[in-house]
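S.K.: Sequence:
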Amino acid sequence: MKVIGIDLDNTIVQYDQVIYDCAVKRGLVPAGIFPSKTAIRDMLRFLGKEEDWTDIQGYVYGEGMQYARPFPGVIPFLRSLPGHGFCPVIISHRTMYPYSGGDTNLHETALKWLVQERITGFPGAPIPRSRIFFECTKEKKYERIKTEMCHFFIDDLIEFLIGDLFPLDVIRVLFDPFDKHPDNPEYLRMRSWDVGLQVFQ
Numbered sequence: 001m002k003v004i005g006i007d008l009d010n011t012i013v014q015y016d017q018v019i020y021d022c023a024v025k026r027g028l029v030p031a032g033i034f035p036s037k038t039a040i041r042d043m044l045r046f047l048g049k050e051e052d053w054t055d056i057q058g059y060v061y062g063e064g065m066q067y068a069r070p071f072p073g074v075i076p077f078l079r080s081l082p083g084h085g086f087c088p089v090i091i092s093h094r095t096m097y098p099y100s101g102g103d104t105n106l107h108e109t110a111l112k113w114l115v116q117e118r119i120t121g122f123p124g125a126p127i128p129r130s131r132i133f134f135e136c137t138k139e140k141k142y143e144r145i146k147t148e149m150c151h152f153f154i155d156d157l158i159e160f161l162i163g164d165l166f167p168l169d170v171i172r173v174l175f176d177p178f179d180k181h182p183d184n185p186e187y188l189r190m191r192s193w194d195v196g197l198q199v200f201q
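The sequence shown runs 1 to 201 under this note's numbering.
Hints were generated in silico from the structure; no laboratory data involved.
Cβ coordinates follow ideal geometry from the N, Cα and C atoms, glycine included.
Treat the hints with care, since some could be wrong.
[As the list claims (entries may be wrong)] Here are the simulated EDC-like cross-link-like pairs (lysine to aspartate or glutamate), alpha carbons at most 20 Å apart as the crow flies: (1) 37 / 179; (2) 140 / 179; (3) 180 / 194.
[Stated by the list, open to error] Computed Cβ-Cβ distance ranges for the label pairs, DEER-style: (4) 38 / 136: 39 to 47 Å; (5) 46 / 83: 42 to 50 Å; (6) 123 / 47: 46 to 54 Å; (7) 73 / 46: 29 to 37 Å.
Put together the whole structure using the sequences plus the hints.
M.R.: Take a look at the structure:
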């Protein structure tokens with residue numbers, strides 16, 4: 001089977017609404033702003049509220065993660081892979097604890113979310129626990145991609161995919177649900193999980 005490595009945060013997990021709800025509740029942005037992670041981050045940085053943004057990230061990747069939802073189509077996509085000769089592996093770059101905003105164990109929180117959403121934790125789950133990895137640094141994430149012998153790796157961050165340490169024999173796939181980036185010969189691009197498996201043929 002060909003191995004498809006997949007990032008977790010902002011690739012499988014969609015945080016936009018949780019970030020919006022948190023920022024509005026804390027009075028950091030006005031209600032009615034477009035509920036986009038990027039828009040809220042950019043507004044807070046423009047207002048000089050970088051520390052508030054860091055606190056929000058600590059919350060949404062920690063105790064607030066339970067309110068996040070999978071991107072539409074991702075769970076059916078994961079379920080379809082074994083029947084088409086692919087083996088999915090989750091490889092996530094996550095610190096053990098947030099830089100700010102609490103002392104929640106972020107690895108445990110992510111695993112609980114994956115169980116909550118029925119992605120792992122039961123017989124016949126789309127991804128068994130043994131194929132879910134949380135790495136505390138980008139360098140270790142690159143190493144894990146090599147160790148798991150991924151044929152493809154899907155991530156929402158261009159800077160990670162084109163990083164100097166990205167394994168040269170792995171096909172890069174950019175998850176670009178908001179169509180923010182042009183096509184590029186350095187990577188494949190998928191705009192939704194409903195695209196099917198033709199990207200990986």
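S.K.: Would you list, in rising numerical order, the hints stated earlier that this structure does not obey?
M.R.: 2 and 4
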